[in-house]
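Enquirer: Here's the letter readout for the chains.
2 protein chains.
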Amino acid sequence: MRKWNGWGYVGEEPAPERIEGWRKTTGALAGVRAEDYRPPVPLEHIPLPPSRLGSDSAGGLPGLAGFRGRIVATPYERALHAAGRSTGDLIRLRTGTNLRFPDAVAYPADEDDLLRLLEYAERRRVALIPTGGGSSVVGGVEPDVPPTYTGVVSVDLRDLEGVVAIDRTSRRARVRAGTLGPDLEDALRREGLAFRFYPQSYACSTVGGWIATRAGGHFATLHGKIDTAVEALRVVTARGRIETREVPQSASGPDGKAWFIGSEGALGVITEAVLRLQVPPARKRATGFRFAGFAEGLEAVRRIVQAGIYPPVLRLLDEYEAMVAFWGRAGMEPGAFLHLGFEVADPDGERAVTVAWEEATRLCRAAGGREVPPAGVQAWREGFVQQPYWRDVMIDHGLVVDTLETATAWSRAAALREAVREALFRRMERWSPVAMVLCRVTHAYPDGCSLYFTFVLKPPREAMWAAWRDVQQAGLEAFLAHGATLSHHHGTGRDFAPFFEREHGPGHVAALRALKAAFDPAGVLNPGVFFPT
Amino acid sequence: MRKWNGWGYVGEEPAPERIEGWRKTTGALAGVRAEDYRPPVPLEHIPLPPSRLGSDSAGGLPGLAGFRGRIVATPYERALHAAGRSTGDLIRLRTGTNLRFPDAVAYPADEDDLLRLLEYAERRRVALIPTGGGSSVVGGVEPDVPPTYTGVVSVDLRDLEGVVAIDRTSRRARVRAGTLGPDLEDALRREGLAFRFYPQSYACSTVGGWIATRAGGHFATLHGKIDTAVEALRVVTARGRIETREVPQSASGPDGKAWFIGSEGALGVITEAVLRLQVPPARKRATGFRFAGFAEGLEAVRRIVQAGIYPPVLRLLDEYEAMVAFWGRAGMEPGAFLHLGFEVADPDGERAVTVAWEEATRLCRAAGGREVPPAGVQAWREGFVQQPYWRDVMIDHGLVVDTLETATAWSRAAALREAVREALFRRMERWSPVAMVLCRVTHAYPDGCSLYFTFVLKPPREAMWAAWRDVQQAGLEAFLAHGATLSHHHGTGRDFAPFFEREHGPGHVAALRALKAAFDPAGVLNPGVFFPT
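Chains as they are written, first to last, in our numbering: chain A, 1 to 533; chain B, 534 to 1066.
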């Protein structure tokens, strides 16, 4: 069961004794004391306004005819869809403040149900918020629309799930949009195949959500972001279905898939995708390298990818992130840290992996890296999936912890990190005596890389949300000022919408508005993303 | 000097004795006799209508103010821009029939000149045909517009040329759109860099043209089509300039570059691109494999790319194309033929290339391939760049030779080849006692490949163009009927426009029209591509 006010699933949060341990170690680093803890507000204490659309706990949506799926409007479902899972969202959810609830949640059973919903929404001027796992960290699924709409329905795609067809020869599969990460991998594993797309939200995000937000995952330096893993799409728009050809490449006009990859539910609802598959790895090999500083680590990463070597894991922690990651671990000297991981898919390809491994490690040493024992390496990976659960714990202790990520060219990466650190610190000073900024490179390309920043502050309790928003905006301002992008793999949602035109310019925004007018002329699909309302 | 009525440059055509030799060998194969030869009609015999826009041989475009570049309307310039370089275009150019001429040719000196031209075109309802090298084989640069326009100006981007800036660290360069292939490589070579993008039109096509048509080149299995080689774009539209961020990746909404890559001059004029570069190869290694049939060769190619091996050259000729390619060569048995070529960019990477070479050749043998001596391999490459010059010779001898290319999934490739062969032969029977269909795989991806068909027929002299068009359409019909795309790397232009909506559906076309309305509301940019007029 999904938590309505926290990350992930009930029962998967850290055990009390681990929380106790955390308070004494990294928690203490950030100034946390046991008495800082405030329990989250229970659902029954949250006042939910009545549904403006006439739905009640028994479900139903008056005026919507022929719908075959489920309409639910229980307090749990409305609260579950009240927000995404950004730090700001969780602060609001756990303190029960400033929340907006959908008037109903629709689980369409098929594409015709989506067409029925769109017709209903246009007729009654109701906003539809498409959602998959609901794990947006940029306000992409918030049911926050202007009062010109008569109501808001969250359209949860979870019932449109499963693998429709597998083409082993072409290593691809047609998959429904509501399929969760683990369900996808389970279905493919039975056929000896894999997708190997592991965003941190893997367990509670969907194929459709990944595509709608241009997501990236854990092994993305080898396999690429979702952008390149999609061969074809099916989309239901307010003006009918769109289906792109199942072809590996084309020069038949501009790529129509690209209109929907990253469209965040504002142009149409992605219902199916043909995904390019992998084979599961037979063996893995991982190590780590310590560098004196971030610049040396960047140099190693750049030389590796520019040599045409794409290790599945190539993640560089700056000296601050490495310090936190390895806090209290014996024998770790200060400096940046590179996680390097290779996989052997086909045993016949083992020699190629061995050669790539040797060359990558040689390049690390040439850039001044020193190999460290693999023991320190495993720790990071374990924390990766669990980390969002810890964020809830931190919020309950009054800590604001969030991430911002971007991408830039190699020639600008080191300066960008400095500028963003500076901007975040300067803003955090306004709010908090405690302030940390960590940075890692999560994805590398021949021409540049992504930079993933974590910031931590401990503002006054009542100012947590405002401080979070203020510091986040300082980070985004710094990205834009230094030529970087607002997001490398999280999307932009409502939270970044005020900055969207500053990144892209008015011509780009006009074109995106034109596409929206073509597919959603009444503007009922996810109003507020891209274009602030 | 560019030929106004043929491929490429004056003086680079085959020497008379080579033409004589051709007549006796492959020409004879296709039923060519010496008396079939008809010389092309000279320019002075072509009646050019007066410019409707008031331009004359002295240049000038009345009503266009402040233009800093060149306006030319000499017979040579108007004829040079009268058509692209498809076989149908060349039949018309060499026989002087059914030609349309631009009323003037504009060579803008900068982006402001483009804005001036767009303002002039909107005000006077003049169509603008952006062009780079003019080598479109799909009617992409034909000055053929409806009579509702008061005239047509070809906008030749050749004066917007050169490398603006090189970022060695990030291996990228900002390049002006009118830069020709050889000029780009020369400029990069001086800095120890390369782009290594080699379409057959390399010597007479431009960076902007490659991007506008989603072109692909000779080494594209390793380096990808132009789609993936563009980091950022600058475009002048009728509603101002668009400049995308110089970032390696993003999740800040849909990818705006993708609106213009493949937009064929109908949405805006690409003026600059930031290109992702390579380093020039230090060493090359090539061989060839003979397979009993096309299916075995396909299997080898598929297994190579699915093993994550991307040789720069991985080109499979079917048994018919191999027969023609190696005609008269001793010791070549019937069957399909795979060209396999590797490059060592950095000597430090030599071992990786050696391992990839060994694994690729092992996969070839496992699929039943037999390695043949490299002597037979070189021949193909020499012919590649020269081949379009030969097409002029063939047309002058009454032969219709053209190509059609597409892409499909691996699971459909063999059946698609059969279906297209069948469709082409059936249609050629209507026109010609001589008929050949050759096929090769030019680009391979993990999920599929491109198929490149060459067809040869010898219709009655006066029916050459009609026969060409009829057979071409049969091929396109077969592509669409079997789920393939209209083009993998040539674009669609005016010639394929009648088929465009059948590939993509009305929703896609409506969205593309919406983008056009946003960027070019008066519809002055390249009218007739995508949407038949």
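The set of hints was computed from the structure by calculation and includes no laboratory data. The structure displayed is predicted, hence computed values, not measured ones. Incorrect hints may have been included.
These stretches of chain B come out as covered by chain A in the derived footprint (C-beta under 8 angstroms, 3 or more residues) [as the list claims (entries may be wrong)]:
id: 1; stretch: 617 to 625
id: 2; stretch: 729 to 743
id: 3; stretch: 950 to 963
id: 4; stretch: 1013 to 1020
id: 5; stretch: 1040 to 1052
The beta carbon of each residue, even a glycine, is placed where N, CA and C say it ideally should be.
Enquirer: Does the stretch 617 to 625 of chain B contain three or more residues whose Cβ lies closer than 8 angstroms to a Cβ of chain A?
Expert: Check failed, 0 qualifying residues.
Enquirer: Would you say the stretch 950 to 963 of chain B counts as covered by chain A, given the rule of at least 3 residues with C-beta under 8 angstroms?
Expert: Not satisfied, violated; 0 residues make the cut.
Enquirer: Against chain A, does the stretch 729 to 743 of chain B show at least 3 residues with beta-carbon separation below 8 angstroms?
Expert: Since 0 is below three, the answer is violated.
Enquirer: How does the stretch 1013 to 1020 of chain B fare against chain A when you require at least three residues with a CB closer than 8 angstroms, holds or violated?
Expert: holds (count 5)
Enquirer: Can you confirm whether chain A covers the stretch 1040 to 1052 of chain B, using C-beta to C-beta distances below 8 angstroms and requiring at least three such residues?
Expert: Coverage by chain A holds for the stretch 1040 to 1052 of chain B (11 residues, Cβ < 8 angstroms).
The earlier numbered hints that this structure contradicts are 1, 2 and 3.
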